[in-house]
Amino acid sequence: MPRLRLLASCLAVALTFPAAAGAAPDLAPPLAQMPAQAQAMAPVVARFRADLASLERVHDATAGPRREQALRRLYTSWQARLGEIDPATLGDEDRLDHALFRRDLAYRLGQLDFQRQRVAEAAPLLPGVERLVALVEARRAHEYPEGRASADTLEGVRRELADLHARLAKDPKSAAASPIVAFRAARLLDGVRADLKQWHGFHSGYDPDFSWWTKQPYEALDKQLEAQAKLLRDTLAGAGDPETIIGDPIGRQALLEGLQHELIPYTPEQLMDLAERELAWCERELAKAAAEMGAKDWREALETVKSRHPAPGGQPKLVVELADEAIAWLEAREMVTIPELAKRDWRMTMLTPEYQLQAPFFLGGQDVWVAYPTDTMPHDKKLMALRGNNRHFSRAVVHHELIPGHHLQYFYNNRYQTHRELFDSPFWTEGWALYWEFRLWDEGFATTPEDKVGMLFWRSHRAARILFSLGFHLGKMTPDEAVELLVERVGHERENARAEVRRSFAGDYGPLYQIAYMVGGLQFRELHREFVQSGRMSERQFHDAILMGGPMPVAAVRTRLQGGVPADDLRADWRFYDFAR
Numbered sequence: 003m004p005r006l007r008l009l010a011s012c013l014a015v016a017l018t019f020p021a022a023a024g025a026a027p028d029l030a031p032p033l034a035q036m037p038a039q040a041q042a043m044a045p046v047v048a049r050f051r052a053d054l055a056s057l058e059r060v061h062d063a064t065a066g067p068r069r070e071q072a073l074r075r076l077y078t079s080w081q082a083r084l085g086e087i088d089p090a091t092l093g094d095e096d097r098l099d100h101a102l103f104r105r106d107l108a109y110r111l112g113q114l115d116f117q118r119q120r121v122a123e124a125a126p127l128l129p130g131v132e133r134l135v136a137l138v139e140a141r142r143a144h145e146y147p148e149g150r151a152s153a154d155t156l157e158g159v160r161r162e163l164a165d166l167h168a169r170l171a172k173d174p175k176s177a178a179a180s181p182i183v184a185f186r187a188a189r190l191l192d193g194v195r196a197d198l199k200q201w202h203g204f205h206s207g208y209d210p211d212f213s214w215w216t217k218q219p220y221e222a223l224d225k226q227l228e229a230q231a232k233l234l235r236d237t238l239a240g241a242g243d244p245e246t247i248i249g250d251p252i253g254r255q256a257l258l259e260g261l262q263h264e265l266i267p268y269t270p271e272q273l274m275d276l277a278e279r280e281l282a283w284c285e286r287e288l289a290k291a292a293a294e295m296g297a298k299d300w301r302e303a304l305e306t307v308k309s310r311h312p313a314p315g316g317q318p319k320l321v322v323e324l325a326d327e328a329i330a331w332l333e334a335r336e337m338v339t340i341p342e343l344a345k346r347d348w349r350m351t352m353l354t355p356e357y358q359l360q361a362p363f364f365l366g367g368q369d370v371w372v373a374y375p376t377d378t379m380p381h382d383k384k385l386m387a388l389r390g391n392n393r394h395f396s397r398a399v400v401h402h403e404l405i406p407g408h409h410l411q412y413f414y415n416n417r418y419q420t421h422r423e424l425f426d427s428p429f430w431t432e433g434w435a436l437y438w439e440f441r442l443w444d445e446g447f448a449t450t451p452e453d454k455v456g457m458l459f460w461r462s463h464r465a466a467r468i469l470f471s472l473g474f475h476l477g478k479m480t481p482d483e484a485v486e487l488l489v490e491r492v493g494h495e496r497e498n499a500r501a502e503v504r505r506s507f508a509g510d511y512g513p514l515y516q517i518a519y520m521v522g523g524l525q526f527r528e529l530h531r532e533f534v535q536s537g538r539m540s541e542r543q544f545h546d547a548i549l550m551g552g553p554m555p556v557a558a559v560r561t562r563l564q565g566g567v568p569a570d571d572l573r574a575d576w577r578f579y580d581f582a583r
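Count along the sequence shown starting at 1, add 2, and that's the number in this note's numbering.
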C-alpha cells in the first residue's frame, strides 16, 4: 500500500506570526521570527494566503500598477522565505506543499507579466486612463486628493477620450486594434469607471472644496467613459447585438505555460486529438444505445430522451430523488466514505431566467443550482429549457454536482488540508466530478438505453469543450463555430449551445477551465487503473485518500499516492493518456 503520511502539522490551524520589524506590510517575515513549529508547511501556506487576502483587499484597483508592484513584492519575498526551507528535511506531505507552493509563486509572477502585456495592448484605446487609476490607488493608500488638481485630471482625461472618440466614430478602422483588443479595452474601461465612482463617492459631499471643484468634471467624464466603452464594445468589437459572443483568446504560448503549470505534458494540439478520439467513442456508444431504443440513429434517440422531462414544478423533487439514488448506489458498493452530515447539508436554488441565458443547465458546488423554465420565459425558450433539462440528462449530472462530485469535495475541503485551497486546480475539481461519470458508466449505473444516452450526451459535451475551447484560444475556431460544433456533433439545443459558449468565453473562467473536465477525469481514471485495478488500494481507500489530500494538479495527487515525494520540482512528465489504446 502506498505511503500516505498525513502529518498532524498539515491539519493544524494557521499560526499568527509577528511582523518583521521595519518590513513592508506585504512582505513575509523572516523564518527566524517564526515559531519553531511554523516550519511545517501547512501554517506557512496558510500565512501566505492570509497575507495575499489582505493585500488584494487593499490593492483592488483595475489595472493598478501599485497593485502589481505589491503583488510582485509579496511573491518574490515569499520565494526568498521558501528558499530558506530545505525540502529534503521535510516529510512527504510537507515536501509536496513546498513544491506546490514554489510552483504557485512562479506562476503568479508570470501571470503578472502576462496581464501587464494585455493591458499595454489595450492602452492606445484608453488615453489618460492610467491617471484615473492613479487617483483610485491613491485613495487606497490614504492619500487625500486636492480638489482643483483632481478636477484638472478629470477634465484632461475627458478631453483626451473625447478626441479619440470623435476620431473612432468617424473612422473605426483608424483604431489599428483588433476587435478582441477593443473588447478587452471596453472591459477595462468598465472596471476603471466603477472604481472611479467609488473614489468620487468617498470624497464628494464630505469635503466642500473637493465637491465644488470635481462635481461637474466628474459627471462629464463619467458620461464620456460610458460612451467610450460603448463605442469600443459595439462598434470596434462588433458586440452591439446582445447575441454576439466575444472572447479574448490567449494564444498557444500561454496555453502551453498553463498546461505546464498544471503538470500536463501534452500540447494543445495533442489534447484536441485526444478529444476527437473520445468524441468518436461517444458516437459509437450512442449508436448502440439508439439501436437498443429502436431509433434510426443517435439524433432520433436524443430527441426521444429530450421529450421526457418532469412536469412544471417537478424538477426539485426529481433532484432529491436522484441525489438519494446516487448515495445509495455508492454506499452499496463501498466506493467512498460519505459522512452523514454531507448527505443533507446542501441547499437547492432555482436559477433565474436571466441567469439561465448563460447557464442553461445545473450548476453545483457546496449547493446545487437548478435550471428549469419559469412562467416568464417566452414559449420557445421554455421548451428548450424543458428539453435541455430532461430526467435522463439530469440523472447524469446530479451526482456530478452533489455526491460524489462537487458537494462531497467541498465537504472534505473544508475539513482536511484546508491550506491547499491555494493550489486549487479545475483539473482536480471538475476532473474529479467528471471521473465519477466515467466510473458510474463503467459500473453499469446507466441501466436503460435512455439513461445511457443521457450520460453520453454529457460525455460528448466534455470532449467538444476541449475542441472549441482550445480551438478558440489557438485562433482556429470562432464562437459561432463553437456553437455549431455543439449543435451538430453533441445535439445541443441551439440556444443552450450559445449559452454554453458564452459562459465559456465571458471571462468568468480561466482559459483551461473547460478542458479540465474531461482531461482531469481521464487523469483520475488512469490513477484508478494504477492504484485500484492493480490491487494496491481499495475503491474506498483510493477515493478517500484523494478527498482528504485536498486540491492540487492531478499529477501531484499521483506523486502523493506513490509516496517518496521528490525534493526538487514536480515535473510535467506523466503521460496519462494512451493514444494507441
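These are computed hints drawn from the structure, not numbers from a lab. Fair warning: this is a prediction, and the values are worked out from it, not measured in the lab. Check each hint, because a few of them may be wrong.
[Stated by the list, open to error] Pairs of lysine to aspartate or glutamate, EDC-like flavour, derived with a Cα cap of 16 Å: (1) Lys384 x Asp236; (2) Lys384 x Asp243; (3) Lys232 x Asp243; (4) Lys383 x Asp236; (5) Lys225 x Asp250; (6) Lys225 x Glu162; (7) Lys172 x Asp236; (8) Lys199 x Glu336.
Hints the structure fails to honour: 1, 2, 4, 5 and 8
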